[in-house]
Structures are given as structure tokens and as C-alpha cells.
Amino acid sequence: MIHVEIVNTFLVNMGKEFVVLLRAANDERTLPISIGQLEAQSIAIVLNDIPFPRPLTHDLLKSVLTSLDCKFLRMEICDLIDETFYARLVLEKDGKKIEIDSRPSDAIALSLRFNAPIYVAEKVMDEASIIIPEESEADEETEFEQESSEEEIEDDKNLSPLEALQKKLKKAIQDEKYEEAAKIRDEIEKFAQSN
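Oh and the sequence shown: position 172 is 172 in the working numbering, straight run, nothing missing.
Please note that a few of the clues may not be correct.
[Claimed, not checked] Straight line, CA to CA, 27 Å or less: simulated DSS-like cross-link-like pairs of lysine-lysine:
{"hint": "1", "residue 1": "K183", "residue 2": "K170"}
{"hint": "2", "residue 1": "K183", "residue 2": "K93"}
{"hint": "3", "residue 1": "K123", "residue 2": "K97"}
{"hint": "4", "residue 1": "K71", "residue 2": "K97"}
{"hint": "5", "residue 1": "K177", "residue 2": "K167"}
{"hint": "6", "residue 1": "K167", "residue 2": "K97"}
{"hint": "7", "residue 1": "K96", "residue 2": "K62"}
{"hint": "8", "residue 1": "K171", "residue 2": "K123"}
{"hint": "9", "residue 1": "K62", "residue 2": "K97"}
{"hint": "10", "residue 1": "K93", "residue 2": "K71"}
{"hint": "11", "residue 1": "K183", "residue 2": "K171"}
{"hint": "12", "residue 1": "K62", "residue 2": "K93"}
{"hint": "13", "residue 1": "K123", "residue 2": "K170"}
{"hint": "14", "residue 1": "K167", "residue 2": "K183"}
{"hint": "15", "residue 1": "K177", "residue 2": "K93"}
{"hint": "16", "residue 1": "K71", "residue 2": "K96"}
{"hint": "17", "residue 1": "K183", "residue 2": "K168"}
{"hint": "18", "residue 1": "K167", "residue 2": "K123"}
Simulated from the structure, these hints should not be mistaken for lab results.
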């Protein structure tokens with residue numbers, strides 16, 4: 001399992017859905033997961049330390065688990081089947097470990113409330129993650145891309161198909177077009193397998 005941290009939540013597809021980004025603690029891989037509006041709100045409330053007058057569903061569940069003396073150990077995104085992520089809550093009650101199936105968005109919202117770690121299975125990270133460079137590296141790339149457009153056009157002619165795809169991937173990530181980046185990543189993988 002890979003320890004991850006929440007990087008951001010944001011709107012995509014003209015405000016129709018939300019995405020939460022989970023970045024691996026030990027490398028640049030980032031896992032984008034689509035989540036619902038209510039779950040995004042619940043996550044954002046904790047991330048931004050926004051006081052809420054009444055408990056939300058995740059606050060209620062935290063109160064119930066705490067009242068029952070359940071210890072929230074961690075959450076795990078354990079599988080990806082047919083483009084659906086699967087997660088589980090790992091709890092402890094009276095010295096016994098309990099694993100409960102959950103949607104990743106609910107598990108993330110609860111983990112934040114318990115200040116518990118979030119983990120992603122290596123195979124899930126391998127299959128669905130994208131590379132988002134650290135800000136310093138992104139800044140360097142931005143400076144590099146400020147060269148004249150004529151030079152860029154000339155450079156593109158000299159790129160191999162794989163290099164051109166990698167350049168498109170970097171640009172999509174820089175422009176925060178993560179769905180496009182995921183599609184380009186898939187194209188790169190197909191291209192690499194065919195050669």
C-alpha cells in the first residue's frame with residue numbers, strides 16, 4: 001500500500017463533477033478520483049476548517065464510531081474494477097480489526113475527520129495514477145515553454161510519436177486538464193505496449 005495525501009479538490013466538466021487528487025507521499029504519482037458534490041463539500045469543509053452549524057453525515061458517523069469505542073486506523077483504496085474505485089475502512093474494536101467496504105469519497109471524508117492515513121494499493125496506483133510534477137518543476141517547465149512558438153513548432157517536427165504524446169501529457173497536466181491527461185497516459189501505455 002502507498003501512503004497518499006490529498007492535494008486538492010476541484011470542479012471539472014463545466015461544474016458537473018468534482019475530482020479529488022491523492023498524491024503519493026514518496027513520488028510524483030497522483031490519483032484523480034471523481035466524487036459527488038456532497039462528498040466534495042464534506043471533504044472541503046474539513047480541508048478548509050470551515051465550521052458547520054449542524055453535523056453532516058460523515059460527522060455523524062464519526063460520532064457513532066467514537067461512541068462505540070471504534071478506533072479508525074486508516075482507509076484503503078484497494079481495487080479498480082471497470083473504472084470504479086473500491087475502498088475500505090480499517091477499524092479496530094476491542095482489539096479486533098474490522099474492514100468495511102466503502103466508496104472512496106466517503107472513506108476520504110471520514111479519514112480526514114479522524115486524522116487517519118489514506119492508502120492506495122500499488123496496482124491501483126499503477127493503473128490509474130497520473131504524474132503531476134511538484135510546483136518547482138512545473139515552474140521550470142512553464143519558463144521553458146515561454147520560448148517562441150516558432151521554435152516549438154520546429155521542435156515538434158523532430159519529436160518521436162512517443163515524445164509528442166509525453167509533451168501533450170505535460171501540457172494537459174499543467175493546464176489542469178486531468179481527464180485529458182488520463183486519456184493521453186492511456187495512449188502512451190498502448191503505444192509503449194505495441195512497440
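Now for the hints, and whether the structure bears them out:
1. K183 with K170: holds, 12 Å
2. K183 with K93: violated, 42 Å
3. K123 with K97: Satisfied, since the Cα-Cα distance of roughly 23 Å is no more than 27 Å.
4. K71 with K97: Since the Cα atoms of K71 and K97 sit roughly 9 Å apart, the hinted pair holds (cutoff 27 Å).
5. K177 with K167: holds, 14 Å
6. K167 with K97: Violated, at roughly 46 Å.
7. K96 with K62: holds, 19 Å
8. K171 with K123: holds, 26 Å
9. K62 with K97: Holds, at about 17 Å.
10. K93 with K71: holds, 6 Å
11. K183 with K171: At roughly 13 Å apart (the allowed maximum being 27 Å), K171 and K183 satisfy the hint.
12. K62 with K93: holds, 14 Å
13. K123 with K170: holds, 23 Å
14. K167 with K183: holds, 13 Å
15. K177 with K93: Cα-Cα ~42 Å, so violated.
16. K71 with K96: Distance of about 10 Å is within 27 Å: holds.
17. K183 with K168: holds, 11 Å
18. K167 with K123: Answer holds: K167 to K123 is near 25 Å, not above 27 Å.
Going down the numbered hints, you'll see the structure goes against 2, 6 and 15, while the others check out.
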